[in-house]
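Engineer: As a plain string of letters, each chain reads:
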Amino acid sequence: MNPLVVEQMTVAYDRQLVLENVSFSVPEGKLVGVIGPNGAGKSTLMKAMLNFIPRMHGHVFVYGQPYEKQRHLVGYVPQRNSVDWDFPTNALDVVLMGRYGHIGLWKRPRKEDIDMAMQCLDKVGMLPYAKRQISQLSGGQQQRVFLARALAQDASIYFMDEPFVGVDAATEKAIVQLLNELKTRGKTVLVVHHDLQTVRDYFDYVLLLNKRVIAFGETESVFTYDHIQKTYGGKVTFLSSTHIVG
Amino acid sequence: MSYTMWILLTASLVGINCGLVGTFLVLRKMSMLSDAISHSVLLGIVGAYMVSHHLQGVSMLVGALIVGLLTTFLVQWLHQKGVQNDAAIGVVFTCLFAIGVVLISLFADRVHLDVEHALMGEIAFVPWDVLEVGGKSIGPKAIWLLGFVLAINIFCIVFAYKEFKISSFDYEMAVTLGIPVVLIHYVLMGMLSLTTVASFDSVGAILVVAMLIVPSATAYLWTDRLSVMLICSALIGVLASMIGYMIATVFNVSISGAIAVSTGVIFFISLWIAPKHGLLRKWLKKSPA
Amino acid sequence: MNRMDINVQWVFTSTALLGLASGMIGTFALLKKQSLIGDAMAHAALPGICIAFLLYGQKSLLLFLIGATCSGYIATICIQFIVKHTRVKEDAAIGIVLSVFFGLGIVLLTWINQHEGGNQSGIHDFLFGKAASLTGSDVNVLTVTAVTVIIMILIFFKEFKIITFDRAFAQGIGIPVSLLNGVLMFLIVSVVVIGLQAVGVVLMSALLITPALAARYWTEKLEWMTLLAGGFGALSGVAGAYISLIAYAPTGPLVIIFATVLFIFSFLFAPKRGLCSKMIRRHIERKKLQSQQLMYKRGEQL
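Residue numbers (UniProt numbering), protein chains in the order written: chain A, 1 to 246; chain B, 1 to 289; chain C, 1 to 302.
If you are wondering where the hints come from, they were derived from the structure by calculation, not from laboratory data. Treat the hints with caution; some may be incorrect.
[Stated by the list, open to error] List of simulated lysine-lysine pairs, DSSO-like, C-alpha gap at most 27 Å:
hint: 1; chain 1: C; residue 1: Lys272; chain 2: B; residue 2: Lys81
hint: 2; chain 1: A; residue 1: Lys47; chain 2: C; residue 2: Lys59
hint: 3; chain 1: B; residue 1: Lys81; chain 2: A; residue 2: Lys131
hint: 4; chain 1: A; residue 1: Lys211; chain 2: A; residue 2: Lys30
Extracted from the complex, chain A is given alone in its bound form (with noise of 0.2 Å):
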């Protein structure tokens, strides 16, 4: 059974047709880059599957089960930029917060909770940092912390919206490392993605998406030059073409 199924979603701002019909079923175990021009709806598309937006039409699954009773089996990463950096806390306290669902409501956190977080934030090379305070991070450490915080969730597939965006080198391969260990620990992660340059490199499947899904499958055979051209609208001819069938 597929871990992740979306079933003919459809989203709309008020009049405006965001998503149209978007299917599309992932196997386990495998990191997908979801790639589209700007406004293609790529956020919306996690948005919606979180039911943060409402859908229209269309039903999302994981592991066989409507999405809304296994939200628990979902971490979500979101934009960098959608929380504010001025909150009064710090690293391993973000960390922490992976753990509230596993900790259960109005509990506290115990001492393998504490444990865990510091082991995540090792993993993407923050130890050293996990009391400074969040707003002295640079960019990419807050992205890393970030990813700290989903694995410390503990999920079985991870939705991340551009996490590479506006990071250094140091993090962008801290990353890169991390989508592969979960890879082998047999999570399905799904990455809005904005480098064509590197998609080849990072990802084994692909989701091309411009409203609707243009292309969806694996890498090799998806990626191709001409599927690219219809899900950009023949904008990227300053790609060499070289990049794309590799």
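Start from chain A and add chains B and C according to the hints.
Structural biologist: For chains B and C alone, coordinates are given in the frame of chain A:
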């Protein structure tokens, strides 16, 4: 206890209550909702009076709670239906306030309700309005009311500390984790309504806003930890009450007004000297040593 | 005709003019997402008025106007300073300035009552307004101010439009944005101050927000929206004054309640943006989508 001590205790309780609730308002960028609720609660008081024909603690609390939650709900609903947030707040509370004022004036002959008192508060009368049990005085009513609300506030914050924290920091994340964010929101708004109405007698509706927002914003400049910020803003509230009371007695002016001014003065000083986020430090850092 | 004495005429004229001017200027405040600035200004006006009284020693609407404009302007600068230079966000900055200025006003007012022998009515009128107490000279000042504001809006309409819509672009094409912003703020403060006397501090902010918000539902054009907001404001002013005359209730709150009724009506029943028409449209679209979905399914089966 002496007259002055009762007043200081009342003002301090207001400071602690407002400091705790205000911290979350400032962090959630909902400061203006406190302005809205502090006004619309007038309707709750009038309504409670019309139903129960007296201005005793419990009926006032219930009335304020209902109207406070109604205000929040209407603002939220209008916002969902596409009205921009600031305008939604502005329309809702002014309308409820207007209805309250009209009701008071229509029933003026039957209702003995001093609007000015409700809005401006008169902390100087607090020590004389005592609660009596079996003919024995057990302290001013306002103290009991404020203490009761403080107990509720502390209970809610301690009990749901991590839920308050995550839903203030990252709302969407909180939703995916299954945290009851809507419930948390309404609990906070309930706490705000209770705090507002309990503070009425002493500092008045409009100056509750000063006590809610200014100490919390000041604490926000001093610390980077949520728990410290909560304690800090409560302490600043108490400090402002003390200073305000002193100013008011020396110059013989409104106590609640003087307290509001002292919160402003403390904020202004902190703006410059706060260790991490103060302007002096920032500017010293910028200029070449 | 006995009841329609000169005083009543004054009330009608002033509430109508006030509604007209505040509706028009409120349009810009609303579109700049600064509705609550009006609220802050109204509260911040109190210390200015008190200081004007302390310096001059007696009531004078013109001096109050100047005092209130000064303190309103200082309040705006304070808000901008806090937002720009500290981590405190705009909503809290507005709240801080509003409440501290108002507190200062109260302190000054109690000082005046004690030392200058001013009568106690001051604060009550300031909070709730007293349209019935307007004197001839008050009405003159009010009329002149309101008409000036309206004329200024007409003169600078094009400029206000562009700085409201796209500040950066306006700066780029050489429009003196901060100067015009200052003018806009000044106009808002002026309307707020003349409105305080008629409807009071809390409800003055409503007179800026509510008619403009109601007008937003009927049109997509700024010109029409400004006119409509002015019209709604004037209508609310007259209707509120009339109801208060027959029901013996205070004018200010009734003006606001009437304006809110106009808003609710617009919100629900406006042709394009109203809630009802939106729901109908959504229903139709969903139907359309369902039949489309059916077609997709059939296509798959084939």
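Engineer: Taking the hints in turn, state whether each one holds.
Structural biologist: The hints, checked one at a time:
1. C:Lys272 <-> B:Lys81: holds (14 Å)
2. A:Lys47 <-> C:Lys59: This hinted pair is violated, its Cα atoms lying about 59 Å apart.
3. B:Lys81 <-> A:Lys131: violated (41 Å)
4. A:Lys211 <-> A:Lys30: holds (23 Å)
The earlier numbered hints that this structure contradicts are 2, 3.
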